[in-house]
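One line per chain: the protein sequences are P and H, in this order. The first sequence begins at 1 in the numbering used here and counts up one residue at a time. The second sequence begins at 1 in the numbering used here and counts up one residue at a time.
Note that these hints are calculated values from the structure, not bench results. Among these hints, one or two may not hold up.
Same chains, same names: a pair is fine if it fits in one copy or spans any two.
Taking lysine-lysine pairs in the DSS-like style, the calculated list, with each CA pair at most 25 angstroms apart, reads [what the hints assert, rightly or not]:
1) Lys304 / Lys23
2) Lys143 / Lys332
3) Lys35 / Lys304
4) Lys89 / Lys143
5) Lys59 / Lys209
6) Lys146 / Lys59
7) Lys49 / Lys143
8) Lys143 / Lys23
9) Lys49 / Lys90
10) Lys89 / Lys304
11) Lys90 / Lys209
12) Lys59 / Lys89
13) Lys23 / Lys49
14) Lys59 / Lys35
15) Lys23 / Lys7
16) Lys89 / Lys146
Number of protein chains: 2
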Amino acid sequence: MPSELRKDPLSQRWVIIASERAKRPGDFEIDTAPKVPEFDPFSSGNEDKTPPEIASYRKAGTAPNTPGWRVRVVPNRFPALQIEGSLNKKGEGIYDRMQGVGAHEVIIETPQCVRSVSELTDVQVQEMLFMYRDRLNDLRRDKRLKYGMIFKNVGEAAGASLYHSHSQLIVTPIVPRTITQKLEACQEFYNYRGRCLVCDMVSQEAEGKTRVVTDSGLFLAFEPYAPRTPFETWIVPKNHESQFEDMGQQGFEELGFLLKRTIARLEKGLGPVAYNYMLFTSPFDSPALPYFHWHIEIIPRLTKQAGYEWGTGFYINPVQPEDAAEFLRSIKLNGS
Amino acid sequence: MPSELRKDPLSQRWVIIASERAKRPGDFEIDTAPKVPEFDPFSSGNEDKTPPEIASYRKAGTAPNTPGWRVRVVPNRFPALQIEGSLNKKGEGIYDRMQGVGAHEVIIETPQCVRSVSELTDVQVQEMLFMYRDRLNDLRRDKRLKYGMIFKNVGEAAGASLYHSHSQLIVTPIVPRTITQKLEACQEFYNYRGRCLVCDMVSQEAEGKTRVVTDSGLFLAFEPYAPRTPFETWIVPKNHESQFEDMGQQGFEELGFLLKRTIARLEKGLGPVAYNYMLFTSPFDSPALPYFHWHIEIIPRLTKQAGYEWGTGFYINPVQPEDAAEFLRSIKLNGS
Numbered sequence: 001m002p003s004e005l006r007k008d009p010l011s012q013r014w015v016i017i018a019s020e021r022a023k024r025p026g027d028f029e030i031d032t033a034p035k036v037p038e039f040d041p042f043s044s045g046n047e048d049k050t051p052p053e054i055a056s057y058r059k060a061g062t063a064p065n066t067p068g069w070r071v072r073v074v075p076n077r078f079p080a081l082q083i084e085g086s087l088n089k090k091g092e093g094i095y096d097r098m099q100g101v102g103a104h105e106v107i108i109e110t111p112q113c114v115r116s117v118s119e120l121t122d123v124q125v126q127e128m129l130f131m132y133r134d135r136l137n138d139l140r141r142d143k144r145l146k147y148g149m150i151f152k153n154v155g156e157a158a159g160a161s162l163y164h165s166h167s168q169l170i171v172t173p174i175v176p177r178t179i180t181q182k183l184e185a186c187q188e189f190y191n192y193r194g195r196c197l198v199c200d201m202v203s204q205e206a207e208g209k210t211r212v213v214t215d216s217g218l219f220l221a222f223e224p225y226a227p228r229t230p231f232e233t234w235i236v237p238k239n240h241e242s243q244f245e246d247m248g249q250q251g252f253e254e255l256g257f258l259l260k261r262t263i264a265r266l267e268k269g270l271g272p273v274a275y276n277y278m279l280f281t282s283p284f285d286s287p288a289l290p291y292f293h294w295h296i297e298i299i300p301r302l303t304k305q306a307g308y309e310w311g312t313g314f315y316i317n318p319v320q321p322e323d324a325a326e327f328l329r330s331i332k333l334n335g336s
Numbered sequence: 001m002p003s004e005l006r007k008d009p010l011s012q013r014w015v016i017i018a019s020e021r022a023k024r025p026g027d028f029e030i031d032t033a034p035k036v037p038e039f040d041p042f043s044s045g046n047e048d049k050t051p052p053e054i055a056s057y058r059k060a061g062t063a064p065n066t067p068g069w070r071v072r073v074v075p076n077r078f079p080a081l082q083i084e085g086s087l088n089k090k091g092e093g094i095y096d097r098m099q100g101v102g103a104h105e106v107i108i109e110t111p112q113c114v115r116s117v118s119e120l121t122d123v124q125v126q127e128m129l130f131m132y133r134d135r136l137n138d139l140r141r142d143k144r145l146k147y148g149m150i151f152k153n154v155g156e157a158a159g160a161s162l163y164h165s166h167s168q169l170i171v172t173p174i175v176p177r178t179i180t181q182k183l184e185a186c187q188e189f190y191n192y193r194g195r196c197l198v199c200d201m202v203s204q205e206a207e208g209k210t211r212v213v214t215d216s217g218l219f220l221a222f223e224p225y226a227p228r229t230p231f232e233t234w235i236v237p238k239n240h241e242s243q244f245e246d247m248g249q250q251g252f253e254e255l256g257f258l259l260k261r262t263i264a265r266l267e268k269g270l271g272p273v274a275y276n277y278m279l280f281t282s283p284f285d286s287p288a289l290p291y292f293h294w295h296i297e298i299i300p301r302l303t304k305q306a307g308y309e310w311g312t313g314f315y316i317n318p319v320q321p322e323d324a325a326e327f328l329r330s331i332k333l334n335g336s
């Protein structure tokens, strides 16, 4: 079968599904025995090895920065951005710059030294998601700040510098370009059709089923039509919701369950793969948009970004998403 | 010093220059002893180990696919795109796709098994550039094809699967997004000011000098104001030229000399770093644009792209480009 060019309507990004380069799940090189560190600054008992905590869920009566916490948020020790100072926007000839005002936080998801979301308990995953919500809601109050991006790096190939399962939050004084592009594509679709693009995508996927990994009732986990990497997987609420933070209790419970099992599925099928995930919610100053729909993108790091991807924004993917979905559906998980 | 957000006017991309994460040239982990392969399909004598050649510069009287060549172009053995077939553009519900018509070629720059452009002779680098031009000019004649991207991957961290110094050319039936974005930014600037954005950038850099690595007369090698990675370096013609392929003989000679020495400078300063470079020329159907200016971007692969970069299109760079330029200027090269 010849290669195919496919366009993702949300990011407007083209990918090349390169069947001449076709690969099977076992063909990818991954680090099959990630090394457990000798010293873990994120474990319970080592609270003094991180900057002082910003927030935590902890046993009543225990003091901040002591054991007793279940989820703990600290500033990144080497923050990309800091909350102090003013933006001080400036030109420099034809260039533009501003001070790096914002936030860069680390969400430590468990007191135990485990590597991946798949090793957390269901309650821990759910509390991790509550903390995502609480931190976004807190930082939204700072009117200088425009967008909060929650993301996760697991494994060295995904850019993780620490083994212990954690997420990060970077909040910027501008809405990043990737989000602006998605917003524009969604708004254009909405103006033309009066419907939300992602709602249409979800209903086409749920009906067609060929790219669906799991339909959990409230959420759909599926391989996008134009995935950047083999086994890229999205998790999207089936009903229209523009803001992750507004989700009800039932949603958090079901999302936690599904997120954990989707990652377990990837890891059971591929081995302890390095991965990133990113949470796309609406910008701070536009909570309830009829055209934007929050979602999570999970990117297993099985291919390397080379000169072509840097130069063009195209991605070359050797695995058909329909095949990836079929493979992931076939994985049997314990207790489900 | 606090972090700074800087915007690249050409790609409209923001980067975070994160001084809290500041690194010095020796702080990056690189593979200091890249392994020379036991078998090299690109060496002279192994012509039958690649698909048959598309073009070559070779000794008069020698036959194609035999030794005697100096530069040799073959189809990629696992092509992302192929020249046969029709585009067959189609919708699939809300999605768009087309057949993967295009070209994916490998430019083998030398019959000897060396790793990097810095190890080629001056004549070899120049002939490599001639071949870039000749392949672009040849493929431009196919009216289905819209854009040719020449790029290079050196080292495993940069996505190279073969050691032997080579470049690649991927030609697509659409203009990739990264190029469209640059074209739009340049056109907007031109409409507003009547000048080419990159011409303005070059004159600001040449005058300010803080980010300049080498001013060779016809070209400027400099660290861009908002680099994605530490030691990202651009090479740009100082006079307005929208199309690389139209360059005169003197330009090819000087560009080859400068490109080789710029990469040698990076390697002498940082060790045998993995790198990509990409050549941005104008689209096939718009050769002489008053607002577009061809250029080369060199990306040393010293940092990993993690969830934040995937999610936002922002890059976090721990090295100020002014410091990087000062460091690179201080490197003494043999014979220059």
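Comparing the hints with the structure gives:
Proximity of Lys304 to Lys23 under the C-alpha cut-off of 25 angstroms is found in both arrangements, the shortest distances being 14 angstroms within a copy and 24 angstroms between copies. Within a single copy, Lys143 and Lys332 get their C-alpha atoms no closer than 47 angstroms, and across copies no closer than 49 angstroms, so neither meets the 25 angstroms cut-off. When the C-alpha separation of Lys35 and Lys304 is checked against a cutoff of 25 angstroms, the pair qualifies both within a copy, at 21 angstroms, and between copies, at 19 angstroms. In the homo-oligomer, the alpha carbons of Lys89 and Lys143 lie at most 25 angstroms apart inside one protomer (15 angstroms), although the nearest pairing across protomers, at 46 angstroms, exceeds that limit.
In the homo-oligomer, the alpha carbons of Lys59 and Lys209 never lie at most 25 angstroms apart, since the shortest distance is 44 angstroms inside one protomer and 58 angstroms across protomers. Taking identical chains as interchangeable, the C-alpha atoms of Lys146 and Lys59 are never at most 25 angstroms apart, the minima being 33 angstroms within one chain and 62 angstroms between chains. Taking the shortest alpha-carbon separations for Lys49 and Lys143, neither the intra-copy value of 31 angstroms nor the inter-copy value of 62 angstroms comes in at or below 25 angstroms. With identical chains, the CA atoms of Lys143 and Lys23 are never at most 25 angstroms apart, being 48 angstroms at best within one copy and 32 angstroms at best between copies.
When the C-alpha separation of Lys49 and Lys90 is checked against a cutoff of 25 angstroms, the pair qualifies neither within a copy, at 37 angstroms, nor between copies, at 56 angstroms. In this assembly of identical chains, Lys89 and Lys304 lie within 25 angstroms of each other by CA distance neither inside one copy nor across copies; the values are 36 angstroms within and 28 angstroms between. With identical chains, the CA atoms of Lys90 and Lys209 are at most 25 angstroms apart between copies only, with a shortest distance of 20 angstroms across copies and 50 angstroms within one. Taking CA atoms no more than 25 angstroms apart as the test, Lys59 paired with Lys89 passes in neither setting, with 43 angstroms inside one copy and 59 angstroms between copies.
Taking the shortest alpha-carbon separations for Lys23 and Lys49, only the inter-copy value of 21 angstroms comes in at or below 25 angstroms, while the best intra-copy value is 43 angstroms. In this assembly of identical chains, Lys59 and Lys35 lie within 25 angstroms of each other by CA distance neither inside one copy nor across copies; the values are 31 angstroms within and 53 angstroms between. Proximity of Lys23 to Lys7 under the C-alpha cut-off of 25 angstroms is restricted to the intra-copy arrangement: shortest distance 21 angstroms within a copy versus 38 angstroms between copies. For a Cα distance limit of 25 angstroms, the shortest separation of Lys89 from Lys146 inside one copy, 15 angstroms, qualifies, whereas the shortest one across copies, 39 angstroms, does not.
Hint check: violations occur at hints 2, 5, 6, 7, 8, 9, 10, 12 and 14; the rest are consistent with the structure.
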